[in-house]
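So the sequence lines, in the order shown, correspond to chains W and P.
If you read the first sequence in this note's numbering, its first letter stands for residue 1, the second for the next number, and so on.
If you read the second sequence in this note's numbering, its first letter stands for residue 1, the second for the next number, and so on.
Simulated from the structure, these hints should not be mistaken for lab results.
Wrong hints could be hidden among the right ones.
Claimed, not checked - With a cut-off of at most 30 Å between alpha-carbon atoms, the simulated DSSO-like pairs for lysine-lysine come out as follows:
hint, chain 1, residue 1, chain 2, residue 2
1, W, 153, W, 62
2, W, 99, P, 157
3, P, 364, W, 181
4, P, 21, W, 153
5, W, 110, W, 121
6, W, 121, P, 20
7, W, 168, W, 62
8, W, 99, P, 359
9, P, 364, W, 151
10, W, 121, W, 263
11, W, 286, W, 121
12, P, 364, W, 52
13, W, 181, W, 153
14, W, 153, P, 364
15, P, 157, W, 121
16, W, 110, W, 263
17, W, 181, P, 157
18, W, 151, W, 168
19, W, 230, W, 52
20, W, 168, P, 359
21, W, 186, P, 21
22, W, 181, P, 20
23, W, 186, P, 359
24, W, 121, P, 359
25, W, 151, W, 121
26, W, 52, W, 153
Said to hold, decoys possible - Label pairs and their in silico Cβ distance ranges:
hint, chain 1, residue 1, chain 2, residue 2, range
27, P, 204, W, 153, 29 to 39 Å
28, W, 244, P, 38, 43 to 53 Å
29, P, 24, W, 171, 15 to 25 Å
30, W, 57, P, 449, 54 to 64 Å
31, P, 390, W, 150, 15 to 25 Å
32, P, 458, W, 113, 37 to 47 Å
33, W, 153, P, 245, 50 to 60 Å
34, W, 153, P, 253, 28 to 38 Å
To be verified - These stretches of chain W come out as covered by chain P in the derived footprint (C-beta under 8 Å, 3 or more residues):
hint, stretch
35, 90-96
36, 108-115
37, 151-160
We put the CB at the ideal spot given by N, CA and C, even for glycine.
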Amino acid sequence: MAKTPAKKTTAAKKISKPVAPETHETPVAVTGSQTFKQTRAQPEGIPLIEMKEISIAFGGIKAVDHASINLFPGEVVGLLGHNGAGKSTLIKVLSGAYKRDAGSIHVEGKEVTINNPRDAKGHGIETIYQTLALADNVDAAANLYLGRELKTKMGTLDDVAMEAECRKVMHRLNPNFRRFKEPVMKLSGGQRQSVAIARAIHFNARILIMDEPTAALGPQETAQVGELIKQLKAEGIGIFLISHDLHDVFDLADRLVVMKNGKVVGTASTKDVDHDEVLGMIIAGKCPPGAIPGPGAMRN
Amino acid sequence: MTNTTSTSQGPALEQEGPIKKFFRATEIDTRILGMVVALILVWCIFDIWSGIIRPNEGLFGGSFLTPRNLWTLLVQTSSIAVMSTGMVLLIVLRQIDLSVGSMLSLVAVATGVLQVYQLGPSLGVGHPAIWVLGVVMCLAIGTIIGAFNGFLTAYAKIPAFIVTLGGLIAYSGVAFLLAKGETVAPMDQNFSVFGGGVERSWLGPFWSWIVAFIACAAIIYAIVNGRRQRQRFGFPLRPVWAEVFLASVGSIVMLGTTLVMNSYAWPPKLIENFAKANSIVIPAGIENKDGKAICMAAENVVRCTEGFILYTGYSLPALIAIGVCLVMTFVATRTSFGRYVYATGGNPEAAELAGINTKWLTVKVFALMGFLVGVSSIISSARLNAATNALGQTNELYVIAATVIGGTSLAGGVGTIYGAMIGALMMQSIISGMSLLNLAAAYQNMVVGGVLVLAVYLDQLYRRNVK
């Protein structure tokens, strides 16, 4: 059973890699960069999220070392770096999976305590995990409401009401979605991703953390998720996008933050830097002129 | 883009034959349908085969499809069927309980000792408190042992297989010790009503029909109510003919079962006793000694349609099993507890991230399994009218086999209560059918084992083709 989807995704990856540079020049990418120009104007006002001087160490290793990042409403911030650069760890501090050793987290200017995933959810921070975290054997509505089911007056599950809400949310995200009665394991990767996103935003998330949202998807499904992200942006939701894929980040993010060895190398608007410069930041920690250097930047 | 998809879908929809359309409209699970067909096939084969060996009054001239055999089949299945409903939830949750057989022995023996050696002498034999205490104790001990298994699995993080394998060995030891190796008998006379072997445990034709009509009304209400709900939200509806079809199939099955149950007459000796006790004179029927008769008319053996006759109707254990099936189906599909069990079985990590306390959930499901073992131990010990440490031996294997034959996947996340009930019925049918054919127990075991493996193989084939 598990074999077929695995084969599919590897096949999809093989196809997507050679095609990727070309798709960047396609109309999709162009519309992407246009929206950047309109919305990118240097973020002002109170950030939705501000993480200040966050540090966390595992044993003797400083996984995150005095890292500061912020996120404004309606903005997508891409978080880049090698494996082990500390980007996932930093973001897990925000989602409540890890407890920080030092530093503070501010939501809309106010300092908050986040010690577990429930705290984070309470502040409207929702995470979409790489593994999607869906229960594959139940349908979309059941996944949407998992852990917070709607009940009838008798205390039983109100499946009809849940399906009705699910139809509304899914219509907003993915108008072509029709397969409400099937277990999500039968859905395509993109459809599953939209169920996961629906789950995150349905409960009034203002901050969305997406960990490699397109890693397991084919080119068409990746485009679909891209559309979704743009839509969420338009609704004023702030998104942290963790990705290995530079093209994804340039397509979708307004700003990018590069991390190396647990430190922030630099922050830049995607308009002000190019692929090679960002690669330089990731690999060598070299901060280009278009970026604001962080503590992890290589000193000349 | 849209054009290509519509053209590629269009012909497929047109090609959809009447059979496919029928299944899509009625939303019948074709897997379950296949199992029901297989079950009916097995029944017919046994009836024909037993008819060849020794002609009787069955539908095809054998002894299998007679009211008497079907009635007994239902009683025999009830204990395993009750436990298999709990096993479905456990296996769906990716756990297993190998200790249910030993647990059943332990619960039965403990309650038996209480009834026979403690309460009987102190309260006086037949005191109404005895059976109440007996029932409560069965359910309580079962639940506690189940919760203990669950606690070791969830919180001490010992794999369920090991915890319950240990339980399988240990609990039967405790049962032996409690019973001191003896057979604890007889049970309290009120308690033994739960076994279905005495006249007080039979509902009789009148109440059986009442039960049947209530069930039919409930089926129709559920279908109408479901339709109204979907209408309210403007969801796509099933065609009316499909709804009518489902309602009539449900009602016909219910009424048919009741008819069969109501055609099984009391054993002749009991009728005779009943007549004597109520000073009814049995009218002399037409004498008939063709070997098929099971009734008495005065001193004569007659056909059951003549003379004085009483019918059993549903027996208490069968009713308990059906009731447990309904309640457990409700729990599995209509409560958040059931939803969490399925979601956790499908993806434990996702369930945890969604805020479900999966450890406590595991304890609860194990405790529910223990509770159902308690119910089964009441049925088994009452039916035998005795408790021994061998009462539940190998029951765990039959329970797991019934669950798996019923379509529950050992990988977790997939399984239905009614599937397990049909699985239990299938297994008991094979066992009792082969007994009717006078085949040795060794052959019965071989066939049941083979059927188990074959059922899982067919299930795999089905799932692969559906995908």
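Hint-by-hint comparison with the structure:
{"no.": "1", "hint": "W:153 - W:62", "in the structure": "violated, 52 Å"}
{"no.": "2", "hint": "W:99 - P:157", "in the structure": "holds, 25 Å"}
{"no.": "3", "hint": "P:364 - W:181", "in the structure": "holds, 28 Å"}
{"no.": "4", "hint": "P:21 - W:153", "in the structure": "violated, 36 Å"}
{"no.": "5", "hint": "W:110 - W:121", "in the structure": "holds, 16 Å"}
{"no.": "6", "hint": "W:121 - P:20", "in the structure": "violated, 45 Å"}
{"no.": "7", "hint": "W:168 - W:62", "in the structure": "violated, 45 Å"}
{"no.": "8", "hint": "W:99 - P:359", "in the structure": "holds, 23 Å"}
{"no.": "9", "hint": "P:364 - W:151", "in the structure": "holds, 21 Å"}
{"no.": "10", "hint": "W:121 - W:263", "in the structure": "holds, 26 Å"}
{"no.": "11", "hint": "W:286 - W:121", "in the structure": "violated, 36 Å"}
{"no.": "12", "hint": "P:364 - W:52", "in the structure": "violated, 43 Å"}
{"no.": "13", "hint": "W:181 - W:153", "in the structure": "holds, 24 Å"}
{"no.": "14", "hint": "W:153 - P:364", "in the structure": "holds, 24 Å"}
{"no.": "15", "hint": "P:157 - W:121", "in the structure": "holds, 28 Å"}
{"no.": "16", "hint": "W:110 - W:263", "in the structure": "holds, 24 Å"}
{"no.": "17", "hint": "W:181 - P:157", "in the structure": "violated, 35 Å"}
{"no.": "18", "hint": "W:151 - W:168", "in the structure": "holds, 18 Å"}
{"no.": "19", "hint": "W:230 - W:52", "in the structure": "holds, 27 Å"}
{"no.": "20", "hint": "W:168 - P:359", "in the structure": "violated, 33 Å"}
{"no.": "21", "hint": "W:186 - P:21", "in the structure": "holds, 20 Å"}
{"no.": "22", "hint": "W:181 - P:20", "in the structure": "holds, 17 Å"}
{"no.": "23", "hint": "W:186 - P:359", "in the structure": "holds, 28 Å"}
{"no.": "24", "hint": "W:121 - P:359", "in the structure": "holds, 22 Å"}
{"no.": "25", "hint": "W:151 - W:121", "in the structure": "holds, 21 Å"}
{"no.": "26", "hint": "W:52 - W:153", "in the structure": "violated, 46 Å"}
{"no.": "27", "hint": "P:204 - W:153: 29 to 39 Å", "in the structure": "holds, 37 Å"}
{"no.": "28", "hint": "W:244 - P:38: 43 to 53 Å", "in the structure": "holds, 51 Å"}
{"no.": "29", "hint": "P:24 - W:171: 15 to 25 Å", "in the structure": "holds, 23 Å"}
{"no.": "30", "hint": "W:57 - P:449: 54 to 64 Å", "in the structure": "holds, 57 Å"}
{"no.": "31", "hint": "P:390 - W:150: 15 to 25 Å", "in the structure": "violated, 49 Å"}
{"no.": "32", "hint": "P:458 - W:113: 37 to 47 Å", "in the structure": "violated, 56 Å"}
{"no.": "33", "hint": "W:153 - P:245: 50 to 60 Å", "in the structure": "violated, 31 Å"}
{"no.": "34", "hint": "W:153 - P:253: 28 to 38 Å", "in the structure": "holds, 31 Å"}
{"no.": "35", "hint": "90-96", "in the structure": "violated (count 0)"}
{"no.": "36", "hint": "108-115", "in the structure": "violated (count 0)"}
{"no.": "37", "hint": "151-160", "in the structure": "holds (count 5)"}
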